[in-house]
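Asker: Listed below, chain by chain, are the residues.
2 protein chains.
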Amino acid sequence: MLLMFVLMAGVASAQQNLWQSAGVVSPEVCEDGSVVFRYFAPDAESVAVVGDFASGAQSMAMSDNGVWELRTAPLASEYYTYTFVVDGNEGILDRSNVYTVRDVGSVMNYFIVGGGCGDLYKAQRVPHGAVSRVWATTEGRSRRMTVYTPAGYEADYRNYPVLYLLHGMGGDEEAWVATGRVAEIMDNLIAEGRVEPMIVVMPNGCMRHDAAPGYSEEGFYKPYMSGSMDGSFEEYFADVVAWTDAHYRTYPTKERRAIAGLSMGGFHAMQISKRYPDMFDYVGLFSAAIYRGEEGVAMYENLDAGIAEQFARGVALYWIGIGEDDFLYDENVRFRALLDSHDYEYEYVESAGGHTWRNWRCYLTTFAERLF
Amino acid sequence: MLLMFVLMAGVASAQQNLWQSAGVVSPEVCEDGSVVFRYFAPDAESVAVVGDFASGAQSMAMSDNGVWELRTAPLASEYYTYTFVVDGNEGILDRSNVYTVRDVGSVMNYFIVGGGCGDLYKAQRVPHGAVSRVWATTEGRSRRMTVYTPAGYEADYRNYPVLYLLHGMGGDEEAWVATGRVAEIMDNLIAEGRVEPMIVVMPNGCMRHDAAPGYSEEGFYKPYMSGSMDGSFEEYFADVVAWTDAHYRTYPTKERRAIAGLSMGGFHAMQISKRYPDMFDYVGLFSAAIYRGEEGVAMYENLDAGIAEQFARGVALYWIGIGEDDFLYDENVRFRALLDSHDYEYEYVESAGGHTWRNWRCYLTTFAERLF
Numbered sequence: 039m040l041l042m043f044v045l046m047a048g049v050a051s052a053q054q055n056l057w058q059s060a061g062v063v064s065p066e067v068c069e070d071g072s073v074v075f076r077y078f079a080p081d082a083e084s085v086a087v088v089g090d091f092a093s094g095a096q097s098m099a100m101s102d103n104g105v106w107e108l109r110t111a112p113l114a115s116e117y118y119t120y121t122f123v124v125d126g127n128e129g130i131l132d133r134s135n136v137y138t139v140r141d142v143g144s145v146m147n148y149f150i151v152g153g154g155c156g157d158l159y160k161a162q163r164v165p166h167g168a169v170s171r172v173w174a175t176t177e178g179r180s181r182r183m184t185v186y187t188p189a190g191y192e193a194d195y196r197n198y199p200v201l202y203l204l205h206g207m208g209g210d211e212e213a214w215v216a217t218g219r220v221a222e223i224m225d226n227l228i229a230e231g232r233v234e235p236m237i238v239v240m241p242n243g244c245m246r247h248d249a250a251p252g253y254s255e256e257g258f259y260k261p262y263m264s265g266s267m268d269g270s271f272e273e274y275f276a277d278v279v280a281w282t283d284a285h286y287r288t289y290p291t292k293e294r295r296a297i298a299g300l301s302m303g304g305f306h307a308m309q310i311s312k313r314y315p316d317m318f319d320y321v322g323l324f325s326a327a328i329y330r331g332e333e334g335v336a337m338y339e340n341l342d343a344g345i346a347e348q349f350a351r352g353v354a355l356y357w358i359g360i361g362e363d364d365f366l367y368d369e370n371v372r373f374r375a376l377l378d379s380h381d382y383e384y385e386y387v388e389s390a391g392g393h394t395w396r397n398w399r400c401y402l403t404t405f406a407e408r409l410f
Numbered sequence: 039m040l041l042m043f044v045l046m047a048g049v050a051s052a053q054q055n056l057w058q059s060a061g062v063v064s065p066e067v068c069e070d071g072s073v074v075f076r077y078f079a080p081d082a083e084s085v086a087v088v089g090d091f092a093s094g095a096q097s098m099a100m101s102d103n104g105v106w107e108l109r110t111a112p113l114a115s116e117y118y119t120y121t122f123v124v125d126g127n128e129g130i131l132d133r134s135n136v137y138t139v140r141d142v143g144s145v146m147n148y149f150i151v152g153g154g155c156g157d158l159y160k161a162q163r164v165p166h167g168a169v170s171r172v173w174a175t176t177e178g179r180s181r182r183m184t185v186y187t188p189a190g191y192e193a194d195y196r197n198y199p200v201l202y203l204l205h206g207m208g209g210d211e212e213a214w215v216a217t218g219r220v221a222e223i224m225d226n227l228i229a230e231g232r233v234e235p236m237i238v239v240m241p242n243g244c245m246r247h248d249a250a251p252g253y254s255e256e257g258f259y260k261p262y263m264s265g266s267m268d269g270s271f272e273e274y275f276a277d278v279v280a281w282t283d284a285h286y287r288t289y290p291t292k293e294r295r296a297i298a299g300l301s302m303g304g305f306h307a308m309q310i311s312k313r314y315p316d317m318f319d320y321v322g323l324f325s326a327a328i329y330r331g332e333e334g335v336a337m338y339e340n341l342d343a344g345i346a347e348q349f350a351r352g353v354a355l356y357w358i359g360i361g362e363d364d365f366l367y368d369e370n371v372r373f374r375a376l377l378d379s380h381d382y383e384y385e386y387v388e389s390a391g392g393h394t395w396r397n398w399r400c401y402l403t404t405f406a407e408r409l410f
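Protein sequences appear in the order of chains A and B.
Per the working numbering, residue 39 is the first one in the first sequence, and the count goes up by one each step.
Per the working numbering, residue 39 is the first one in the second sequence, and the count goes up by one each step.
No lab work stands behind these hints: they were computed from the structure.
It should be emphasised that the depicted structure is a prediction, and the values quoted were computed from it without experimental measurement.
Treat the hints with care, as some may be off.
As the list claims (entries may be wrong) - Listed below are the simulated BS3-like cross-link pairs for lysine-lysine, each with C-alpha atoms no more than 30 Å apart in a straight line: (1) A:Lys260 / B:Lys260; (2) B:Lys292 / A:Lys260; (3) B:Lys260 / B:Lys160; (4) A:Lys160 / A:Lys260; (5) A:Lys160 / B:Lys260.
Hey, can you work out the whole structure from these sequences and the hints?
Answerer: The following block contains the structure:
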């Protein structure tokens, strides 16, 4: 033990990164779901915490030892993100919490309150699937994508259905496994027998980038709200499906393929499933940016006729979810009116809240349970 | 374009995480290798930057607009980490730099200065291998590991040699792909024809954890300096190799297997290759903690006899690297004296510096070029 201690001290000092906030626990998730945030800043004049657990900055109070503190009321079970505001400077990360997540160009801390849907977003003692970052080379071009294969995939010889899951504007192939908690959600739902074991393929939906920031020769730029709504991603998507079918043990049939996405990805799911009406039997539009495609793109025109053709060919499940406060709410009303005018069958979930990952994780859970 | 702008604004505001430091570029890596750090804190009394580009905290100066700034002298090409110290509070992350890395219990920002070895640590326009987080189930127990497969692995039918690459105390299966830049190093070395395409398997070398922090049912604890030096990891390792051979297209022979590790991982590589003398033809000890095993562990006793047996069975390459300032330097001298006393052949690299990732990335590059 002494030797081990000496080794530890040596390593820490040599690396010059000994953890600075020893003794400060933050966030502390209490049994009743209340959460205590703490931040050591003895000379600060004000510290607040901003996160999706409450609306607006929440002022913290300083205790004797230089630690600013705030205890919340009990929070609903959920995955939450937050940062601190110190003397008016926003975006300060919690030095006591090594769990960070990047969403587009922001880095935030996160924590999970269990006891409800939050339990789905945590790794549990269940069989775990694998998460791979692969480079799909098609037509001489390589693009990175993230692939979830369910527990047991390596050990058996059976085929699996595939869910193609698309990110929003400014996102990339990391978004759904990071803030979206896809691996944890799928592991847990499969273990509970609530969803069919499936492969989840998460490509990069912005054609001007081959990979998430830092993973391509573009280097370490600051991520921004980029996306592709000019038809190029939709045209490319047949290659994604062909590559997946060639490299994974899929069922290469419409009956065993689903496509879903959030915001721009919901738009992509709508357009792609319409563009290839014999490819996907399950379609999920999560807070979809239905009417945001660029002008003058041929495949975006005649939406009514395209949807008619798609429904004529058959759709096992057309699923729409949106929050009542979502800025895209009205265009989803308009799109549902189009569907209703032809009596096309679809399922519709209207949730509380707006254009948030909280909703998208819920929609994924609900949608996945309806698949295959 | 107008529609796209409206969509972007809507998304950003709805997610309540609009990037706060718009306009502040940090770090700015200049053509001559000098780097400008910037931090917006108009009310701070002092701001400094601490990182492995210099020794000790470097004071920054405030400019008119509330932005603190420091320009370094030209830096050698390298991967660097840093944090800020604001009014004496250490460990503050750069709000302008979304690129962060966790090393044990510390989160830091990073950047790369190109033009030398730093180019090996960046994604370049070369074919990219895949990086997978898999769960290896052996003897009823699942443990997570990271596996790099070289570009082309999915598309061909050939077999590949395997390098088993082990982390240090407090590390986990994320360490070598995070700070160790393994995927970028291997991609670039393979593309340049400097190393044989190979699979790299990075298991978790701490038996009390099944996975890196946050990826097991242990939840979101703060990572600490944990490790296994009680023989349990070495005994388990045969399962890791068997699982790898069963699930990847390997050459399941000694001639096509290498094992290397840093610090505790160097100790593991030494012990494991000795424990299974017919398993590995290539052994790499990077800043190895040679004499830090727990007392009373049978396999750690009679080192001389064990090494004798290993060398009698044959070792294609026994490679040792250590920094002249490393706190483990003396015990590497002692170990080399043991090897020398029997005229066992080994290669030895003594570098500048200490017990640092900078050295370990270099050692990996040098060692990988000598494999297979």
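Asker: Give a verdict on every hint.
Answerer: Okay, the hints, checked on the actual structure:
no. : hint                : result
1   : A:Lys260 / B:Lys260 : holds (28 Å)
2   : B:Lys292 / A:Lys260 : violated (45 Å)
3   : B:Lys260 / B:Lys160 : holds (29 Å)
4   : A:Lys160 / A:Lys260 : holds (29 Å)
5   : A:Lys160 / B:Lys260 : holds (16 Å)
Hint compliance for this structure: hint 2 alone is broken.
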